[in-house]
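K.L.:
One letter stands for each residue in the lines below.
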Amino acid sequence: MNTLVFVETSEGKVKKSSLEAVCYAKALGKVTAIALGPADAQELQSLGKYGAERVLHAADARLAQSVIQAYASVITQAMTAVNADVLILANSSLGTPVAAKVAIKTGASFASNVVELPDTAAGFVVKRSIYTGKAFSWMELKNSKKVIALKKNAAEVKETGGSATVENYSVSLTDADFNTKILSSEKATGEVLLPEAEIVVSGGRGMKGPEHWGILEELAKTLHAATGCSKPVSDIGWRPHHEHVGQTGVKVSPQLYIAVGISGAIQHLAGVNSSKCIVVINKDPEAPFFKAADYGIVGDAFDVVPKLTAAIKAAQ
Amino acid sequence: MKILVCISHVPDTTSKINFVENNSRFDTTGVQFIIGPYDDYALARAIEIKEAIPGTTVTVLNVGPADTEPTIRKALAIGADDAIRVNAEPTDSFFVASQIAAQASGYDLILMGRESIDYNSGVVHAMVGDLLGLPSVSPVMKLDLEGTTVKMTREIEGGKEQVEANLPLVAGCQEPIAEWKIPNMRGIMSARTKPLKVVEPVAVQVSAVVKKFELPAPKGAVKMIPAENVAELVTRLKTEAKVL
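Going line by line, the protein sequences match chains H and B. Everything in the first sequence is counted per my numbering, starting at 48 for the first residue and increasing by one. Everything in the second sequence is counted per my numbering, starting at 6 for the first residue and increasing by one.
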């Protein structure tokens, strides 16, 4: 099976979720990766270690901004050029809509939020996360071409020791590919991105105010974690909306989710229920979040969190 | 200005999810259905635009069987002028997008939620845009019209971007684009007589089929650790859970 993987970079580095996509593709067959816009050639070459044989780099200046329509056009062309049966990429604010458009343009079957390798015993059946993490569906993709957007942790990142050739890939773009214009963007830099993070430290109303976030940030820094928050916290403006974890916010699936002062409303749990391990710190022993946790501490956040940070530093 | 708002009919966010008939069908027992929360934001923004720009009409569209009609009536009660129901099960994104595209000609603005909270694909807006050759933007947190230009704020990982496109366009919405609207008594009364047109689906090649559903494995009991012994938590996270 020929696979094409769309690889995203962030601050010059290939995103971990894109490495997962390369490893997922490697398990299915021959892997060609494609990166769009400015990217470091050495960083792209390193995709060989994870299973890519070729890396196409479309460095066209018009792709410096991530315009979804233009990216979808280029990837559609690349699918034909490398005769790909399956396009694989990571779910993201860029990847998922690009995947959907490529599926329409190529007549491919589409699935997003895919959590495991497909079952190919009879047809091509993928397992998807549905009902905001509360259930799964097994969906058969019937068309000969397929487009799959992966949820985080769908595949383990493994180095297989290969090497890749990086080729310049020239593209043809039209005005219609730029029917949306990105005027500006603002993005937190130097921080661990919440959807990508291996560890997430989240705070709720139990933190009593935005001025108390320092102890959570300190814990997050110690763990190289991202910070998140509950819906009430972003609604009242203590933290920015892009940190809101839950049913109507960011859905995370880290290795470790630490919830501090969050009671655990079902809508919050929907955003975290695919975490591998959940730690809940709350002074209310009746907080419903404890029922969904792996480990719990009943205690005051302002006492427990600094002690936890110190204990982690001591153990490092 | 003609606005089309596409709404999903989904279980309330507090619903317990279960399946019946050998995990082949969603169990609706005791489940309350609502307008998709993201779609509700789209509808609220559409009503705001209708109130601001005279002559604007808002049509709601749902792809679903007859039991979604109470949900559609609620959208009419909130302030939409009329409704279309495409009489079919919303089986997958491509099918739903194809049905919307078949009804969407002549609208200036096609709004919907960023995703439905049942199947969570989050791509119907992108597919509708591509099927109709229109720009599509999602998830949109702010949407303002300046003549035929639409200025939008789109959320991205760790931040946001300002995006501009011309009408007609498709947008997937999320908070805080508008405040949810609650129907008042007059709205509820008038919704009963507003036109609700039922149309049959267009033929679409089946590209994806759900074989079965599955619930996650039940979680083990929580292990409580005394607050005065956080070092034990660190040890357990390292050696037992192996996540540090």
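Careful, some of the hints might be misleading.
Claimed, not checked - Footprint (simulated), chain B over chain H, 3 or more residues, beta carbon under 8 Å: (1) 185-193; (2) 304-317; (3) 351-358.
If you are wondering where the hints come from, they were derived from the structure by calculation, not from laboratory data. Each residue gets a CB set at the ideal place from its N, CA and C atoms; glycine is no exception.
K.L.:
Each hint should be assessed against the structure and marked as holding or not.
P.N.:
Status of each hint after checking the structure:
| no. | hint | verdict |
| --- | --- | --- |
| 1 | 185-193 | holds (count 6) |
| 2 | 304-317 | holds (count 3) |
| 3 | 351-358 | holds (count 4) |
Against the hints set out earlier in the document, no violation occurs for any number.
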